[in-house]
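Sequence order for the protein chains is L and P. Numbered by this note's numbering, the letters in the first sequence go through residues 1 to 110 in order. Numbered by this note's numbering, the letters in the second sequence go through residues 1 to 115 in order.
Please keep in mind that the hints were generated in silico from the structure rather than gathered at the bench. Note that the coordinates shown come from a computational prediction; the quantities given were computed from them, not determined experimentally. There could be a bad hint or two in this list.
[As the list claims (entries may be wrong)] Once the Cα atoms are required to be at most 25 Å apart in a straight line, the calculated DSS-like pairs of lysine-lysine come out as:
1. P:Lys66 x L:Lys45
2. L:Lys42 x P:Lys20
3. P:Lys20 x P:Lys64
4. L:Lys42 x L:Lys79
5. L:Lys45 x L:Lys2
6. P:Lys55 x P:Lys14
7. P:Lys14 x P:Lys64
8. L:Lys42 x P:Lys55
9. L:Lys79 x P:Lys66
10. P:Lys20 x P:Lys66
11. L:Lys2 x P:Lys14
12. L:Lys45 x L:Lys79
13. P:Lys20 x P:Lys55
14. P:Lys41 x P:Lys55
15. L:Lys45 x P:Lys20
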Amino acid sequence: RKEVEQDPGPFNVPEGATVAFNCTYSNSASQSFFWYRQDCRKEPKLLMSVYSSGNEDGRFTAQLNRASQYISLLIRDSKLSDSATYLCVVRRGGSYIPTFGRGTSLIVHP
Amino acid sequence: GAVVSQHPSWVICKSGTSVKIECRSLDFQATTMFWYRQFPKQSLMLMATSNEGSKATYEQGVEKDKFLINHASLTLSTLTVTSAHPEDSSFYICSASRSGNGEQYFGPGTRLTVT
Numbered sequence: 001r002k003e004v005e006q007d008p009g010p011f012n013v014p015e016g017a018t019v020a021f022n023c024t025y026s027n028s029a030s031q032s033f034f035w036y037r038q039d040c041r042k043e044p045k046l047l048m049s050v051y052s053s054g055n056e057d058g059r060f061t062a063q064l065n066r067a068s069q070y071i072s073l074l075i076r077d078s079k080l081s082d083s084a085t086y087l088c089v090v091r092r093g094g095s096y097i098p099t100f101g102r103g104t105s106l107i108v109h110p
Numbered sequence: 001g002a003v004v005s006q007h008p009s010w011v012i013c014k015s016g017t018s019v020k021i022e023c024r025s026l027d028f029q030a031t032t033m034f035w036y037r038q039f040p041k042q043s044l045m046l047m048a049t050s051n052e053g054s055k056a057t058y059e060q061g062v063e064k065d066k067f068l069i070n071h072a073s074l075t076l077s078t079l080t081v082t083s084a085h086p087e088d089s090s091f092y093i094c095s096a097s098r099s100g101n102g103e104q105y106f107g108p109g110t111r112l113t114v115t
């Protein structure tokens, strides 16, 4: 089983839709969790860190479920500009080495 | 804040030559820098992790004599692809991490084409 798994998609949704991605991790010692966004042929950019209590930034909500070992990203009111690949990143406690999921592709169409 | 630059942004070189890529954290000190490679439509692959003043830690399958990493200061790491081959053509991305928070900030990447 891979350490970090994501459904590659693509998720094809209309503008205005709400879409959610999950990311599962296998190592229960994982401590830090992040969502990154990567546009085609560009570098990943930090979207948000994921805290135990969950966090929200505008239309984006991230949640952590330690019991089931997954994190989620919810995007409300999707915009065309949200089309990208969303990468889940997990870092083990005591380690500075992050593990990336392979990403989930989102396509928002008019 | 948290800006990382990479230079060059793209490079074309001939087989057998060496190419050096620089990664700089512009507005913070990076205790750790990471080097990744990404082939088209594939996920990021971590190549190595470097800490300032110490030898880089390479991931399994990455040849340390071919991909030379130097992390001479808290704001600069370099990756040198030695004796480049066409199969080394890829998108090379660095990232830098501040101490403690685990967040990484990526450089814009370097597209290497070896002919």
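The hints, checked one at a time:
1. P:Lys66 x L:Lys45: violated (28 Å)
2. L:Lys42 x P:Lys20: The hint holds at about 20 Å.
3. P:Lys20 x P:Lys64: holds (14 Å)
4. L:Lys42 x L:Lys79: holds (19 Å)
5. L:Lys45 x L:Lys2: holds (23 Å)
6. P:Lys55 x P:Lys14: Since the Cα atoms of lysine 55 of chain P and lysine 14 of chain P sit roughly 28 Å apart, the hinted pair is violated (cutoff 25 Å).
7. P:Lys14 x P:Lys64: Answer holds: lysine 14 of chain P to lysine 64 of chain P is near 21 Å, not above 25 Å.
8. L:Lys42 x P:Lys55: With a Cα-Cα distance of about 28 Å, the restraint between lysine 42 of chain L and lysine 55 of chain P is violated, given a limit of 25 Å.
9. L:Lys79 x P:Lys66: Roughly 43 Å between the alpha carbons, so the hint for lysine 79 of chain L and lysine 66 of chain P is violated.
10. P:Lys20 x P:Lys66: Since the Cα atoms of lysine 20 of chain P and lysine 66 of chain P sit roughly 12 Å apart, the hinted pair holds (cutoff 25 Å).
11. L:Lys2 x P:Lys14: violated (36 Å)
12. L:Lys45 x L:Lys79: holds (18 Å)
13. P:Lys20 x P:Lys55: holds (17 Å)
14. P:Lys41 x P:Lys55: violated (31 Å)
15. L:Lys45 x P:Lys20: Holds - the C-alpha atoms of lysine 20 of chain P and lysine 45 of chain L are around 24 Å apart, at most 25 Å.
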